[in-house]
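Engineer: Here is what each chain is made of, one letter per residue.
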Amino acid sequence: MKLIDEYQNSALARKLAIRIANRSAKPIRLMEFCGGHTHAIMRYGIRQLLPETVEMRAGPGCPVCVTATADLDKAIAMAHLAGVIITTFGDMMRVPGSHSSLQQTRAEGADIRVIYSAMDAVEIARSNPQKSVILIGIGFETTAPTIAASTIKAQKEGIENFYVLSLLKLSPPVMKAILELGEVRLDGIICPGHVSVIIGSYPYEFIPKNHNVGCVISGFEPLDILLCIDRLVEQIESGQPKVEIAYRRGVKPEGNEKALELMGEVFEIAQANWRGIGVVPQSGLRVSQKYEHFDADNLFRLNLKPTGEPKGCRCGEILRGIATPPECGLFGKVCTPEKPIGPCMVSSEGACAAYYKYGGISYE
Amino acid sequence: MSDNVLLAHGSGGKLSHDLIEKKLLPPLANPMLNRLDDSAIFEFSGHLAFTTDSYVVNPIFFPGGDIGKLAICGTVNDLSMNGAKPLYLSLSLILEEGFSLSELDRIVGSIKAAAEEAEVRIVTGDTKVVNQGQADKLFINTSGIGAIPLGIDISGANARAGNKIILSGTIGDHGIAVMCQREGLKFSTPVQSDCAPLNKLVSQMLKSSPRIHCLRDPTRGGLATVLNEFTQQSNVGIVLEEDKIPMKESVKAACELLGFDPLYLANEGKLVAIAEPGDAGKILAEMQQNIYGRDAAIIGEVSNAHPGRVIMKTKLGPSRVVDMLSGELLPRIC
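As you go down the protein sequences, you meet chains A and B in turn.
Read left to right, the first sequence gives residues 20 to 383 (this note's numbering).
Read left to right, the second sequence gives residues 12 to 345 (this note's numbering).
Rather than coming from a laboratory, the hints here were simulated on the basis of the structure.
Owing to the predicted nature of the structure, the values given are computational and were not obtained by experimental measurement.
Ideal Cβ positions, reconstructed from N, Cα and C, are used throughout, including at glycine.
Some hints here could point you the wrong way.
[To be verified] Taking lysine-lysine pairs in the BS3-like style, the calculated list, with each CA pair at most 27 angstroms apart, reads:
| hint | chain 1 | residue 1 | chain 2 | residue 2 |
| --- | --- | --- | --- | --- |
| 1 | B | K197 | A | K277 |
| 2 | A | K34 | B | K326 |
| 3 | A | K34 | B | K324 |
| 4 | B | K33 | B | K139 |
| 5 | A | K172 | B | K324 |
| 6 | A | K34 | B | K255 |
| 7 | A | K150 | B | K148 |
| 8 | A | K34 | B | K139 |
| 9 | B | K263 | A | K271 |
[Unchecked claim] Here are a few chain B residues that sit away from chain A, every Cβ distance over 10 angstroms (derived from the structure):
| hint | residue |
| --- | --- |
| 10 | G21 |
| 11 | H28 |
| 12 | E130 |
| 13 | T138 |
| 14 | P160 |
Starting from the given sequences, assemble the full structure and let the hints guide the process.
Structural biologist: Put into structure tokens, the structure is as follows:
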């Protein structure tokens with residue numbers, strides 16, 4: 020149990036911060052891919068410990084934020100169908116779609132239930148055999164295995180009224196897309212900890228090789244993040260970008276074979292639509308043919324209205340690392356956690372929510 | 012009697028009487044309640060405090076308590092936070108048809124035990140039964156009346172720069188206990204709810220120093236919300252020190268695992284006090300004598316800078332804003 024305190028040790032943090040400041044000479048920009056990292060950085064005030072040469076940018080690693088408006092609209096339309104129960108992780112409830120949100124749709128009478136685990140959706144299906152239970156499957160490589168496991172369970176136990184609307188996304192392909200877009204110069208990437216527990220470190224190898232950008236996998240405690248920044252600064256200053264694991268207690272280079280197997284059993288790689296980024300080839304997971312009877316996309320045909328993005332919202336640019344939350348004209352004025360305009364203000368992993376909650380200002 | 016609550020138990024007829032006379036009256040009996048008139052009658056003089064609260068926690072049983080204990084402690088604590096000595100409570104039960112009568116017995120038993128510990132009397136009450144699905148097992152409302160001693164002036168608007176902020180113990184226990192019970196999460200050291208009546212702790216504190224400026228129990232919304240309320244009501248700023256805030260290792264671990272910020276988790280047996288720097292040491296020492304104040308600590312200070320803002324020096328040294336809770340962290344925790 021003492022583990023947590025050790026990764027929050029302030030004396031060690033100061034030492035690391037000094038080492039980073041001493042080593043960092045040229046101005047660099049690092050992207051923390053994962054929303055969990057953005058929150059930890061803001062929560063512990065890590066930016067205040069960094070020298071002026073190190074700039075941090077939030078990335079697209081927030082599953083709720085990158086869910087395309089069209090996909091959210093589709094989930095809302097499914098919720099309106101007779102005999103349907105929608106199950107979703109809580110963060111999705113308040114995200115505004117083109118015309119409504121799941122929360123609003125539930126208030127209008129649709130049966131929408133918040134779950135904490137994909138297995139809960141299977142249980143809901145079991146106890147409501149006369150209803151079609153749709154799991155809104157959002158997330159990255161971290162949640163995909165759990166959704167796969169739920170689907171396999173439903174298959175084994177003959178639960179035929181369970182469906183998955185797969186909006187699952189893959190991390191390395193979207194990193195590739197952002198680097199190829201070239202809209203923002205990046206010197207290093209803080210790679211996601213939990214995703215890498217599943218996929219390992221090999222899938223990032225193309226980044227230093229093809230893009231000359233360093234990659235260090237980080238845990239979520241403050242010392243993990245500082246160590247990761249220290250490693251990236253060292254790589255950049257020595258001109259040797261590579262993939263490193265600064266989260267050895269969680270990540271093996273080969274990842275978690277069992278989880279990868281589960282994912283491969285139920286899903287296949289497909290293009291995916293990312294909010295703010297667009298359709299990225301090979302960056303998502305769809306239900307494979309073998310499990311197509313669980314695919315909500317195949318079973319529910321819907322007539323959808325054209326989608327619309329909220330005016331003035333810069334979530335898309337924030338997710339691509341081009342803008343920071345305070346640069347958005349709506350941030351903190353029109354768009355707050357109580358009345359969010361864009362998804363980055365809603366999700367507990369959203370960059371705008373982190374900047375708003377913990378404040379970007381030093382009060383020393 | 013059947014084993015479960017029937018709609019007829021709320022009909023006002025014979026079964027209703029049975030429920031009251033067999034299940035509720037014997038454990039909770041006192042001369043004022045025993046009269047069974049439409050209202051309780053008592054004499055009073057001086058300043059009275061009056062409060063009400065409804066309890067809908069899910070699940071109704073959790074480690075360290077249940078909805079009955081919560082319903083007594085919650086209202087006792089609300090009265091105590093104005094410096095009042097809690098005296099009389101009302102008790103209203105809304106039962107879902109089919110609710111187990113043996114579970115009702117257990118809950119009434121906890122109500123009795125909590126009321127005895129807090130030395131309050133339940134002097135009036137009501138029961139209603141609703142159809143299955145129209146309530147979730149059992150909802151409880153309690154209201155309470157308490158007497159405020161002369162010379163006590165406690166309000167969220169009384170904080171002044173330089174005042175010290177005292178917290179009575181570890182935060183987040185209740186929120187994590189309920190969450191773990193609800194979701195079937197098991198830790199090697201299970202987290203118990205801190206649900207407890209704080210009236211005796213408060214009266215001890217007031218004895219050691221009647222000049223306590225603010226008192227509040229950080230229930231829904233947690234410590235962060237209470238401190239933000241103080242900064243707004245008193246138009247002051249607050250500076251917290253993260254490493255001074257007491258927290259159980261198990262709660263810390265659960266928060267890391269589940270992604271909760273303990274500053275926003277509910278507590279049901281904790282209080283925050285704001286007092287003059289000269290009094291804070293005395294008050295703290297007195298609190299630490301009480302079982303519900305053993306882990307009390309001074310966690311920060313009121314400041315004139317940044318009015319309306321709570322700032323926390325993080326464990327690593329830098330400072331950050333601690334905002335009000337926005338949205339719903341965990342539904343139905345009390």
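Engineer: May I ask you to check that P160(B) keeps its beta-carbon over 10 angstroms from the closest beta-carbon of chain A?
Structural biologist: Holds, since 38 angstroms exceeds 10 angstroms.
Engineer: Given the hinted pair K263(B) and K271(A), is their Cα-Cα distance within 27 angstroms?
Structural biologist: Distance ~26 angstroms between K263(B) and K271(A) Cα, so the pair holds.
Engineer: Please verify that the nearest CB of chain A lies beyond 10 angstroms from H28(B)'s CB.
Structural biologist: Non-interface label stands for H28(B): nearest chain A Cβ at 37 angstroms, farther than 10 angstroms.
Engineer: Please work out if K150(A) and K148(B) have their alpha carbons no farther apart than 27 angstroms.
Structural biologist: Holds, at about 24 angstroms.
Engineer: For the pair we were handed, K197(B) and K277(A), check the Cα-Cα distance against 27 angstroms.
Structural biologist: holds (24 angstroms)
Engineer: Take a quick look at T138(B) and tell me if its Cβ sits farther than 10 angstroms from every Cβ on chain A, holds or violated.
Structural biologist: holds (30 angstroms)
Engineer: Over 10 angstroms to the closest beta carbon of chain A is the bar; see if E130(B) clears it.
Structural biologist: holds (37 angstroms)
Engineer: Hint check: K34(A) vs K255(B), CA-CA at most 27 angstroms. Holds or violated?
Structural biologist: Within the cut-off at roughly 22 angstroms; holds.
Engineer: For the pair supplied as a hint, K34(A) and K326(B), is the alpha-carbon distance within the 27 angstroms limit?
Structural biologist: holds (14 angstroms)
Engineer: Find the nearest Cβ of chain A to the Cβ of G21(B) and say whether that gap is larger than 10 angstroms.
Structural biologist: holds (28 angstroms)
Engineer: Holds or violated: K34(A) with K324(B), Cα cutoff 27 angstroms?
Structural biologist: holds (18 angstroms)
Engineer: For the pair we were handed, K33(B) and K139(B), check the Cα-Cα distance against 27 angstroms.
Structural biologist: Distance of about 16 angstroms is within 27 angstroms: holds.
The structure fails to meet hints 5 and 8 from the earlier list, while all remaining hints are met.
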